[in-house]
Structures are given as structure tokens and as C-alpha cells.
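Chains as they are written, first to last, in the working numbering: chain S, 66 to 588; chain Z, 27 to 403.
Since the hints were made in silico from the structure, they are not lab data. It is possible that part of the hints are untrue.
[Unchecked claim] Straight-line C-alpha distance at most 30 Å; calculated DSSO-like pairs for lysine-lysine:
1. Z:227 with S:436
2. S:436 with S:331
3. Z:186 with S:381
4. S:436 with Z:186
[What the hints assert, rightly or not] Taking CB as the label site, the calculated pair distances span:
5. S:125 with Z:57: 29 to 37 Å
6. S:142 with Z:204: 28 to 36 Å
7. S:477 with Z:83: 49 to 57 Å
8. S:182 with Z:204: 44 to 52 Å
[Stated by the list, open to error] Computed from the model, here is a short list of chain Z residues facing chain S with C-beta under 10 Å:
9. 265
10. 271
11. 281
12. 292
Cβ atoms here follow ideal geometry from the backbone N, Cα and C, with glycine treated the same way.
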Amino acid sequence: MDDHLNVVELKGISKQFPGVLANDQVDFSLRSGEIHALLGENGAGKSTLVNILTGLYRPDKGTIRVEGEYVDLRSPRDAINYGIGMVHQHFMLVPTQTVTENILLGLDEPRFNMNLSHYDQIISDLGEQYGLQVDPRARIWQLSVGEQQRVEILKMLYRGANVLIMDEPTAVLAPQEIQELFTTLRSMIAEGKSIIFISHKLDEVMAIADRITVLRKGKLSAEGLLTKEITKHDLAREMVGRDVLFRLNKVEQTPGDIVLAVEGLKALNNKGIQALRGLSLHVAAGEIVGLAGVAGNGQTELAEAITGLRPITEGKVVVHGQVLIEGNMSGQRRSRHVRQVIDAGVSHIPEDRTHVGTAPNLSITDNLIMKGYRQPPIAKGWSIDSLSANTQAETLREAYDIIVPTVETPARLLSGGNLQRLILAREISCEPKLMIAMQPTRGLDVGAIETVQRLLLQQRENGAAILLISEELEELISLSDRIYVIYEGEIMGEVMEADSETIGLMMTGTRQKDLVATRKVSR
Amino acid sequence: MRTILSLFAEYLGGTRFRLRMEPRMKQPGWLGLIVSLGAVTFALVLGGIVLMLVGGDPIRAYVFMAMAAFGNIGVFSDTLVKATPLILVSLAAVVAFRMRLWNIGAEGQFYLGAFGASLIVLTPILPPETSPWLMIPAMMVMGMLAGALWGFIPGYLKAKYNVNEIISTLMMNYIAVAWNNYFIFDVWSEGGFQMSRQFPKTAWLPRLTDYAAQVPMFRGLTIHLGFVIAMIAAGVVWWILYRSRWGYEIRLIGDNPRAARYAGINIVRNTILVMMLSGALAGLGGMLEISGVVHRLQGAISSGYGFTGIIIAWLAKLNPILVVPISILFGGLLLAGREIQPSGIPMLIQGIILVCLIGSDFLFRNRIRLVRVGQEA
Ligand SMILES: Nc1ncnc2c1ncn2[C@@H]1O[C@H](COP(=O)(O)OP(=O)(O)OP(=O)(O)O)[C@@H](O)[C@H]1O
Ligand SMILES: [Mg+2]
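Okay, chain Z solo, but in the shape it has when bound (with noise of 0.2 Å):
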């Protein structure tokens, strides 16, 4: 085998070239933009290609949903108002990955965030006629601490007891769903639907249409303050991760455990808050989502929002900032999957667009070089 394969390698010397892969030492930011753009252009052609043999004309097919997401001002609204619960669950488990605390649970931490900020509203603990100054901040508090509790209890058995936290996050988000749905069905079931009565428009996140009277050109744009929090959020945990004592110790943690035991760090506690912070930061996308949309506590307030933020949170490579267009774009998707019929091309193409730009990561931490074979050249 050995000297078959050296002959073939003699033979060839010099004359033939042949693509190698290797890792990159340098992993510069930019490429990482380059290279996921690449990504979703080379998805957009695979896709096309696919609308082509069903038949479609893809260019049509694409301008309608690019302008189903991004086309004008009001769509583009609605597109930020469905990245901004995608970049909290994004953030929520970024702050988690970064430790290696593997929280899958951002979807039931949101479900909790929600039914929290509803607690205010719906028990009543504040009457409607409240000022929202004082509602919302409450709200946005009690979905925050709804969503920590439910990252509290796994991160305190992870540890104290070390429990697995994938098991138990994935868990809680069952039980999550049920408590939710216990009090839609039943607690608060307005005549019987499954859904709170709406809230008062106290408890309203401000939306740009609310305006509309002061500035037309504002009419029928959904976009609400949530957007601005989560853009603030991004910053926050950016801060905390880069700038902060405590995230410096996430960091430490996250690399190395015994270096960080060696530093003195405190491991369970830090196990607990990170967890608590990342539900608390889904949680509070669970409020942002029913104050700013659907402005009463239902079921299906997620489709699957915590899911896609795991992937979100790999494709940004665990960076808060890089989170936030990621989120857009994601949220873009989802608006043209709602938008477009037959429903399955779009989902079709951001599989499609899924699976590229996680193939692309590939290329990012590796590097494709033409060598000559048999000669090191």
C-alpha cells in the first residue's frame, strides 16, 4: 500500500495539483460576513435550481419573497418584529454556549417570560388603568424573573447535583408549555377560548402605527419597542461577556473549568446565574412577544423560537452583536414562509440556506489550498 502510494506520487510529481484542506490560523471577523453571505447567495442558486425543475421561475419566485420580507418599509417592520423574540432566545443561549452550559431550554424560559409579564396584567397585580411606566417596565421585571426561575432549577441541579442540563432544559420546556396551557384552557380561558382576554392597551408595548394620527407615514407599521430592547439587550450581553469581571469568568469558565477553579473562581455559583440570565433573557422575549403582539397570553406564542436561537447563537459563533442581523435575517424567512404559497418553497430554501451556512462555517475555520501532489510546493 505504502510504496503504491508513493509511486503514484513520484508519478505524478510535480505535474498534477490537487485541492487540500487546512485549518486556518487566522480567523478574521470580515471573512466571517464574506463567507456566510457566500453562503446564502450559493443557497439562493441551489434553491432557484429546485424552483426551476418543479417548473417555477425562481427569479420571480425570489424578488416575491425578498420583497414578501425586505420589499418596503411595512414588511420590513413586520420582519423586525419577528427577529426581535429570535434575537433574546439567540442571546439567551449565547450567554449559556459560552460557558458550555448547553441550555436548550430558551423555549420554555420564553413561555415562562410570558406567562410572568401575564401574571401582572391578568391576575390583576396592577389594575389596567396603571400608567405604562410603570406596567411595562413591571411586566418586562416579571417575565425577566419567570424565565430565570425556570433556568434556575436546571442550573441548580446541574450544580449541586450535576444533572445533566440538556436532559432537564429540554424537560422544562414541556412542563412549560403545560403550566401555560393550563392557564389559557382554564385560569384565565376567556369564554371558553384558549386564550387570556386581551390586555389593556396599558400593558402595550408602544408600536410606530400607534402614532399614525401624529405621523402618516407611520400607518400600519407593526415594529414595536421590543425591537429597540432586544437591540439594547444585544449590547448588554456584549458588555457583560467582553467588558465585565463576570463575563470574564464566563469565559474562563467556559475554556477551561480547572483554570477557572485555579483562578479562584466560583464554578456552581456562576453555573446558577448564567443559567438564570440566560432565561431571564428568554423570558424576557416571551413578554416582549405578547405585550408587543399579541397582547394576550395564548398558545403557539413560539414557533419553535427557542430552536432556531441555538442555531442562530452558532451561525453569530457566539457573538452578541453578530446575533442581531443574523436575527433579522432569520426573521425575514419566517415572514416569507408566512407570506408565500405554497408554503413549502420558502421553508424549502431556508433549509436549504440552513444547511449552507452551517456548511460554510467549514470554510471559515478551514482553508482550501491548490498544492502540487508529491511536491510540497
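Okay, chain S solo, but in the shape it has when bound (with noise of 0.2 Å):
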């Protein structure tokens, strides 16, 4: 009866992956004008639901039906001639060229005179119109991770889309950046657009979804629940089939020996401008120090120049009393410092994972084994055992629950989600002495997170020293020892007891001082 409400309607859809049945029997109904949630554990078979209606998979069984009529989606340019896009949880633009450039790629219009400035225009008007402001004329390259994702929308809604889906579109965004996403998609709905949204992030979730499916091991566990009618727990319990506990167990204990300090800092960004302006901070053995800091205010550029992956121009960095980087060393042997940081135990938990923490199409193994591969046992003089290699890669997809059918199988297999347990395996099973977390529970699900908290706490018994970098300050409030907070390059003061209201007001500007001396003031 309310059939004409659905834009889109799924009915049995199954699809088999070699060793995985990663949708069974899945029904999915999306009402015209609603934002409709999906959750699921990872590797639940989110993604791969969203792939078949964007014709980038076929359903082995299954119906699709687009406004009451049965369609037949090959390939993601039928789904868009149904009105269908998708915005994908790991972006799919062409970096050197420009946004206009990006969203006109494929399109029968322009043909051959690229009429360029025109269509800067219409995009530029585009964007206005939905609040996606973003230069056009710009470099995919030079753009933030938000700024690109912007760029995705655009070209979905561009290309006609009217039914918009979003594969864990905040996992990449900054909370500021998810406030203006939501806008963004209310807008949307408001134009008679509907917009199919996965996330792990219950929170959000509930904030913006109308309705909510969860999927649990590729099966439907709940159909359109109403969001109105749900709390965070029954989610949260629906997804895992578990009460979770959103508590973690932080045991007292006294740092130790300074293991990373970093001095004066100072290095450029990948546009040639100065993205680390002097500075310092340092981590002790068994601490978590946290660095929080709205995205893009250097958090990249530093861990990236802590593990001598970016050159920097001034400062120092010292690991257990050795300095390992310093400014005024050429870039030229660059491999060298990374191999130098990687010895002395530095591991680094990279912000993307697909396109610095992993290798595609190289095996499980051949993945798991990256930073280890020149040591024994993995080493054997000039070659690799490839027996322990394989045994060691078998242990870690156990310890760490990655989801695959064999540790053969190429990591571009994986779900967004067990691509980030098998960073974290390697990262964590080397008990390194020092390490640079990036967004370490990103793209993880409710129980995920859970088990990843735990194993940083547990490294910090360990006497590990933790740098976790991370957008969410709640993540960083529970789990920190200490915070700094970053902003524009520069570290605008540290916290001990934490407190997000001095941390929000640092993150915008303000220098701690200062902050004590406005205090003072007022009272």
C-alpha cells in the first residue's frame, strides 16, 4: 500500500563473496524524503548492500525496484540514470585534476572544447546551493579529506542523483566538518532528495537518521526501526547481539622515562606552506598523551614528520634520548630515517589506510608483514620464510578477529573495518616502544572500538608510550593521560584533568595563558 512511498526497495538480496556470504536474504526499503541509517558490525555487509544498488556488485538473488518499477543496475552508470550515487567510503578522484575537471569526468557533456570557466560557474552555483562550498578551479590534491568529500557530493548530485548514498561519510570528518555534513544533508532532504547513510558512530546516527536497519553477519537484525523510538543501547546491543559497555578500565600508574620529545618543530605542508610552526611537546613511557585539534591544523604533518616520512626544516625529534630527525637533513635519503624510526620501535597507526597503511593487491600476509619483513623470523638472510611469514599472519587474523577467508586474499577483499584490525595487528603485535596512533578506531564498529581502546591501555601497562592523535575528544578524553591541544602548527597548551570546554576553547585559538589570564579576570 505505501509501495509509491519507496524510492528505492531491496527484497532478498543475497551475495556471496569466496568464503563469506556477505548479504543473506536482506531486505531494505528507502521512503522518498528520509535519511534511513544503516549500522552493522564491520564486515556485516553494509558496503557491499549500498555496492549492489550502485551496480557495482550484482546480487546473486534479490530484487531491486526504483520507484515501483523493477530496474536491472549493471554498472554504477545505470544506477545514476535511476537517480542512484553513491559517495564512497574510500574517494575515488583523480588527484591531479581539478574539481570541475573530476566531476565532469565521464560525462558525455563537455565533448571536446572544454568550456571550462562555464562549468566552474554551474558547480560553484552548485555548491552554494547546498552549502558544499569548495574552489573549483582547485587541485583534488590541495583539498582537505572534507574538501574532497564535498567534491564526491557534488559530483552525485551533479550527475541528477536524487536518492544519495554515504558509505561512513564522517569516519573521515572533523566535528565541525560533521556539523556542516548534516546541514548539508538536511538541505538535501528539504529539496525532496533521500539519502541512505552508514556510520558506526551511534551518536550521529541518532541525530540525523529517521529510520535505522541494522545488519548483523549479512542477515537483516532490525528493519526500519524508527529513531524516535530506539536509544543507543538497544542499538548498540541490536548490532553486536551483546550489551556493550561504553566503560573502559584505566588502571593508576606513573609515567616514565621520556621516550619521544619532540623540539621545535617546523615543517611545510604538501602545499609548500608552514604547517609545524616550532613545535614541542613530549611522551613517557606508559602515557597516553593525547593531541587534540580540529583537522588540518598540522596533526598530519606532524606524524608524518615523527616517523620521517616528511622532511622537516627545523627542530628535532628524539626517541629514547637518540635524535632521529633532524632539520637540516636532505630529503634525499629520506627511506633511511623511516627505516631508522621504524628500528627503534616506532610504530605509526597512518590516517589512510588505503592509500599509505596498505598495499591492494597484495595479500593479507604480504600486508601484515611490512614493517617486520626485515627482521627474523620473517627474514632469512636475503629471503623471506615465507612458513613463518604465513604462520605469523595466521596468528594475528586470530588474535585481532580479521574477518577473510584467507590470509591469500588480496587486502583490497577487505571491509573498511577489518582493513583498519589488520593496520592496527601489525602496528600493535610488534610491542613497539613508542607509538603514533592516527585515528586508531576510525571505520570501527561499536565493539571494535572496544576492543582497540582496550589494547592501547593495555600497551600503556606495557610501559608503551602513546601519541594518539584523534578528532574525537571524547575517545581522547577517556583514554588520554594528558592532552595537548594543536592548533595552526603550534601547541596552544596541555591539559591533565580534562576538561572539553578549555580544550574546545584551545582548539579554536586561544593559548592557554591567555586562557588562565581571562579567567582571572572575570572572577
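Since each chain sits alone in its own frame, please combine them into the complex, following the hints.
Listed below in C-alpha cells is the structure:
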């Protein structure tokens, strides 16, 4: 009866991958003008389901109806012809081309004579309309992740998407960008569009979605729950199949010797602009130090500078009293610095798991030995002991619960969360002395977040020094012993007793000493 | 448009079938072989039709061609001789392509390898009466060094100045040929002919026919030690790529250079080293060819081997072991092409086989399914 209300209706969708039944008889419907959230653990089959809806995968069974008509979606192009567009978990943009070029890429118009300035205008108007500001002439590599996402959304809107699918859009965004995204989503709803929204963050889902569908191990666990009638705890239970305790057990302990000392670090970002302006901080053994800040204030550059990936112009990085990186070192031999840093027992969970953290076509095993292949037992003289590499991979797969048919599977077939687990497994299992963890829980489901946070605390108990870089204040506060706040490449201050208000003020550029002064004055 | 499409789908709903193509999830190794064999068969049928159209007897022509390449031990030995340089230049392509270095200069590196080996004999660095036990290894080393040098130059330019290796290796092919020509036209020219004098026997790779006195069956068999060396090289390349730390680095850089950097791998050094290894393999090919077959330095020692090697590398899916059988097949085709008149026919068949093999790659990567229209069955 309410059939005509559904813009999209999936019935009995099943999809088998080698070794996994990713979708098992899933029903899903999207009403016109609603935001429908899709929830589920890592590997539950969310991305698979929406990939089927965008013609990227073919279902083994089941039917798809768009506005009541049975359709056969053979490619993303088919899907967009039916008005279905998707913003992927991993962006698909050409870094060296401009925003406009990326948006026009693959379209029939314009043909030969690309009157780009004309299209630049159209695109900036479209952006205006939905609150998606981005410079149409900028090249993709110059854009922040949040801006790249806007380009992806614009691309779909430009192609006439009526149904927009967003696969974990907020995983890569800063809190403020998330609010902007939500404003955009609401304005799209107001224009009569409908949205499928995938996220692991229950608070967000509660805030933005009208209805919620939960998948568990490929099967429907709950369909079309009304957000108004449900609580966060119910959702978590629906997802994981057990109660999730949003509580951590952090033991009191006094930090040991200083492991990492960063002194007066200066470095440029990709655009050649000063990203770190004489930054200093230190982390001691057995402590988790948080680095809070709005994305794009130098966090990425700091992590890269410490690990030797980014040349620095001034300052130094000292690990265990040994100067590993110095300002006057040339860029040519950078790989040696990276190796020295790795050999000094520093592990690094990079921000970008697909482009930096893993090699998509290599096997799970090959990806897991990325840091350890130079040392025994994996290395055996000049050769690699494939037997012990495989054994190690099997052990890690077991221990870190990486869901994958075999360790020979190429990494690109892993679900987003499982890829993150692979990186965590590699970076934690080497028992690092220092860990630079950037957004370690990004893209993980609530159950897995709990696991990772416990692993980090366990590392802390083992005496590792951990620099935790995150945009999630809540996570920083619950895990960290101290928190630095970074703003435009400088440390604004340091707090011991987590106080989100003070941190918030410093994140927007107020120095701690000024903060104290104004407080005193006001008292 | 949308409604018309869906009306069409409704109308046909459940009654008609349609072929549909989708990417394969798994690409098992045996499948590659079957698909390739299927492609060759298909190509032969197609070529047969063409032969019939021009009034030939396809069956007879094929039998003749097969006989010319694989018919008896004598011609099979010749096929293997042809396959030897192909294996090496293909291996050269495999290692470079694995790191996404588009070395298309195997041709030039092959010539330089021949030149390097000749240096030993013609300068002469070693006198003619030197024992082959020293002479041959010295020629191999020198051939590989010369090839490696020819790979080093574009590798260095790429690594340090980001000079596109496709262009530089292509250009260096011409230089290599001209360089060789200078030596055979002038420096080492024998009595004004465009070739050097013949190498002393000590610089010849042993052939089976050389032992005909002891084993009469070997009479006329030109296959030389080079084929064995080529097979060993294939094994070594396989070991490097899949079992060594260096090979791991090559594969990692090839798949994701940023991840390789993150793992502390030196991309600059590997770019140069891999280009050198690639050049050395092609250079070894050149050395084996002059020491095993022509026994002198001359022009036209390669009939575009370097480029055929690129095709073989792709058909072998960059797998060094698969390179061997595919090179033998191509060696056979080359041979049949020489033996049969008019030579246009085998060339035609070669072309068709090539197109079919390349086309079959698509079948290997994608799966064709029969589905019902309108109802995802
Ligand atoms: N192309 C593929 N080939 C083989 N297996 C696949 C493929 N794509 C996904 N899978 C597997 O199917 C399962 C479901 O994956 P999917 O990406 O849909 O999960 P997800 O719910 O999006 O998880 P996440 O929250 O971690 O992103 C996983 O076990 C994954 O490894
Ligand atoms: Mg996913």
C-alpha cells in the first residue's frame, strides 16, 4: 500500500563472496525524503548492500525496485541514470585534476571543447545551493579530506542523483565538518532527495536518521526502526548481539622516562605552506598523550615528521635520547630515516589506511609483514621465510579478529573496519616502544572500538608511550593521561584534567596562558 | 528513457535471458591456461577460415606449420633456440613491470649485452685460446653488465630527475643499435662486411650437435646451453620476486609506492636496481644469442625480440615461470614464419593468435553469466 512512498526497495538480496555470505536475504527500503541509516559491525555487509544498489556488484538473488519499477543495475552509470548516486568509503577522485574536471570526468558533455570556466560557475552555484563550498579550480590533492568529500557529493548531485548513498561519510571528518555535512544533508532532504547513511557512530545516527536498519553478519537484524522510538544502547545490542559497555578500565600508573621528545619542529605541508611552527611536545613511557585539534591544523604533518615521512625544516625528534630526525637533513635519503624510526621501535597507524597503510593487491600476509620483513623470523638472510610469515599472519588474523577467508586474500577485498584491524594488528603486534596512533578507531564498529581502546590501554600498561591523535574529544579524554591541543601547527597548551570546555577554546586558537588570564580577570 | 527501459524490462520479465559480464572474484591459475589454450584454438579456427577463403587447405597448412615448429626433434630444437632470447627479454619486462617501471628498452639492452660480450672476444680482453670455462662466464658477466648499464641510465634519470622511462628507454634503443652499427661497420668490421669476424670456438656456447660424434642422435641439434641458462634465469627471477626481501620490496612499490615509503623502502635505489636487473636480463639474452647462435657480432641480431618480450610478459601475467612456455610457443611461431611460403600466412596466423590471446585476458578477468532479464535470478 505504501509502495509508492519507497524510492528504493530491495527484496531478498543475497551476495556470496568466496568464503563469505556478505548479504543473506536482506530487505531494505528507502522512503522518499527520509534519511535511512544502515548500521552493523565491521564486515556485516553494509558496503556490499549499497554497492549492489549502485550497480557495482550484482546480487546473486533478490530484486531491486526504483520508484516501484524493477530495475537491472549493471553499472554505476545505470544506477545514476535511475538517480542513485554514491559517495564511497574510499574516495575515487583523480588527485592531479581540478574539482571541475573530476566532476565532469566520464560524462558525455562537454565533448571536445571543454569550456571549463563555464562549468566552474555551474559547479560553484550548485555548491552554493547545498552549502558545499569548494573552489572548482582547486586541484584535488590540494584539498582537505572534508573538501574532497564535498567534491564527491557535488559529483553525484551534478549527475542528477535523487537518492544519495553515503558510506561512512563522517569517519573522515572533523566534528565541525560533520555539522556542516549534516546541514547539507538536511538541505538535500528539503529539496526532496532521499539519503542512505552508513555510520558506526551511534550518536550521529540518532541525530540525523529518520529510520535505522541494522545488519548482523549479512542478515537483517532490525529493519526500519524509528529513531524516535529507540535508544543508543538498544542499537548497540542490535548490532553486536550483546550489551556494549561504554566504559574503560584505566589503571593508575606513573609515567616512566621520556620516550619521545619533539623540539621546535617546523615543517611544510603539501602545498608548501608552513604547517608546523616550532612545535614541541613529549611523551613518556607508560602514558597515553592525546593530541586534540580540528583536522588540518598540522596533525598529519606532525605524525609524518615524527616517522620520517615528511622532511622537516627545523627542530628535532628524539626517541629514547637518540636524535632520529633533524632539521638540516636532506630529503634524498628519507627512506633511511623512516627505517631508523621503525627500527627504534616506533609504530605508526597512519591516517589514510588505503593509500598509505596497505597495498591493495598484495595478500593479507604481505600486508602484515610490511614492517617486520627485514628482521627474523620473517627475514632469513636475503630471503623471506614464507612459512613463518604465514604462521604469523594466521596468528594475527586470529588474535585481531580480521574477518577474511584466507590470509592469501588481497587486502582490497577487506571491509573498511577489517582493513583498520589489519593495520592495528601489524602496528601493535611488534610491541612498539612508541606508538603514533592517528584516528585508530576510525571506521570501527562499537564492539571493535572497545577492543582497540583496550589494546591501547594494555600497551600503556606494558610501558609503551602512545601519542594519540584524534578528533574525537570523548575518546581522547577517556584514554589520555594528558592532552595537548594543537592549533595552526602550534601547541596551545596542555591539560591534565580533561576539561572539554578548555580544550574546545584552545582548539579554536586561544593559548592556555591567555585562557588563565581571562579567567582570572573575569573572576 | 527511464520508463521505457523499465517497461521493456517488465515486458520481458522472466521470459528472456541475456548474457551478462561481471568481474571474477577468483582468478585460479589453471583457468588462465585453459583460457589461453582456448584462445589459441579459436585463433587457429579463425585463421583456417581465412586460409580457406584464399583457397588454401587450412588443415594442411596447420600441420605444416606445426611440423615446422614442433614436428620433430630437429625443428623443436630450433624452436627452443628461438625461445631462448625471448625468455630473457620477457623476464626483463616482467621484473620492471612488476614495479610499474615501463622499461621498453629490452631491445637496446639486448644489443648492448651482445656488444658487451663481444668486447671480451674482439678487443680482445681474453685471448682466443682461453678456456671456455673462463671465456663463457666472462662474456655472460660482461653482457649483463652492459645491459645493466643500459638500464641504469634511464633508471637513474627516472629516480633522480623523474624522467619518463618509457621515452628514455625507447630512445636508448636507437642509440644501442647505432652504437653496435658503428662497431660492426668500422671498428670490428671484417673485410668491409657489416659484421665482426667469427668468434673462436672457445667463445661458443656448447650445442648438442657439438657432441654428435659421441651421441649420433644429437646430429644437427642446434639447441645450446643458453636455453638451460634461460630456464635458470626464470627460476631465479621467480625466487627474487616471490621469496626474497628485495622482491617483496619490488612488489610493494609496484602495488602502492606510498605504502612502500611508509614501510621505509628506498624507492630511488630500487628504481635504479630494478632497471639494472631488467637490463642485465635482456643483456644476457643478447650475449646468449651471439655466443650460442650467430657466433659473431652483427646487425639485426634481434627481430624485435624486445617488443615481443613485452607481449609475452603480459600474456604470462607477469609470472616468470609462465614466461617459459609462452616464449616457446612464440619461438615456434617465429620459426614457422621463416619456414613457410608465402610467409604472409604464418604472420597472419601469428597476428590472429596474438589478438585472441589478448582478448582472452578479458575472459580471464571477467565472468559471463546467463541471467534472466528483469528478474535477478
Ligand atoms: N569483492 C569482494 N570479494 C570478496 N569478499 C568481499 C568483497 N567485498 C567484501 N567482501 C567481504 O564481504 C564481507 C562484507 O563486507 P562489507 O564491505 O560489505 O562490510 P561492511 O559492513 O561495509 O563493513 P565495514 O563497517 O568494516 O566497512 C566482508 O567479510 C568482506 O571481507
Ligand atoms: Mg564498509
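Hints and how they fare:
For a cut-off of 30 Å, the pair hint linking residue 227 of chain Z to residue 436 of chain S is broken: about 52 Å separates their Cα positions. Taken as a hint, the residue 436 of chain S and residue 331 of chain S pair is honoured in the structure, with Cα atoms around 27 Å apart against an allowance of 30 Å. Taken as a hint, the residue 186 of chain Z and residue 381 of chain S pair is honoured in the structure, with Cα atoms around 26 Å apart against an allowance of 30 Å. Between residue 436 of chain S and residue 186 of chain Z the CA atoms are separated by roughly 26 Å; this keeps the pair inside 30 Å, and the hint holds.
Between residue 125 of chain S and residue 57 of chain Z the C-beta distance comes to about 20 Å, which lies outside the given range of 29 to 37 Å. Checked against the given bound of 28 to 36 Å, the beta carbons of residue 142 of chain S and residue 204 of chain Z, roughly 50 Å apart, lie outside it. Distance hint for residue 477 of chain S and residue 83 of chain Z: a CB-CB separation of about 51 Å, consistent with the stated range 49 to 57 Å. Between residue 182 of chain S and residue 204 of chain Z the beta carbons are some 48 Å apart, a value that agrees with the proposed interval 44 to 52 Å.
Interface restraint check for residue 265 of chain Z: the shortest CB-CB distance to chain S comes to about 8 Å, inside 10 Å, so the restraint holds. The restraint placing residue 271 of chain Z at the interface with chain S holds, with a minimum CB-CB distance near 6 Å, inside the 10 Å limit. Interface hint status for residue 281 of chain Z: upheld, as the beta-carbon distance to the closest one in chain S is roughly 4 Å, under 10 Å. Interface restraint check for residue 292 of chain Z: the shortest CB-CB distance to chain S comes to about 4 Å, inside 10 Å, so the restraint holds.
Violated hints for the displayed structure, listed by number in ascending order: 1, 5, 6.
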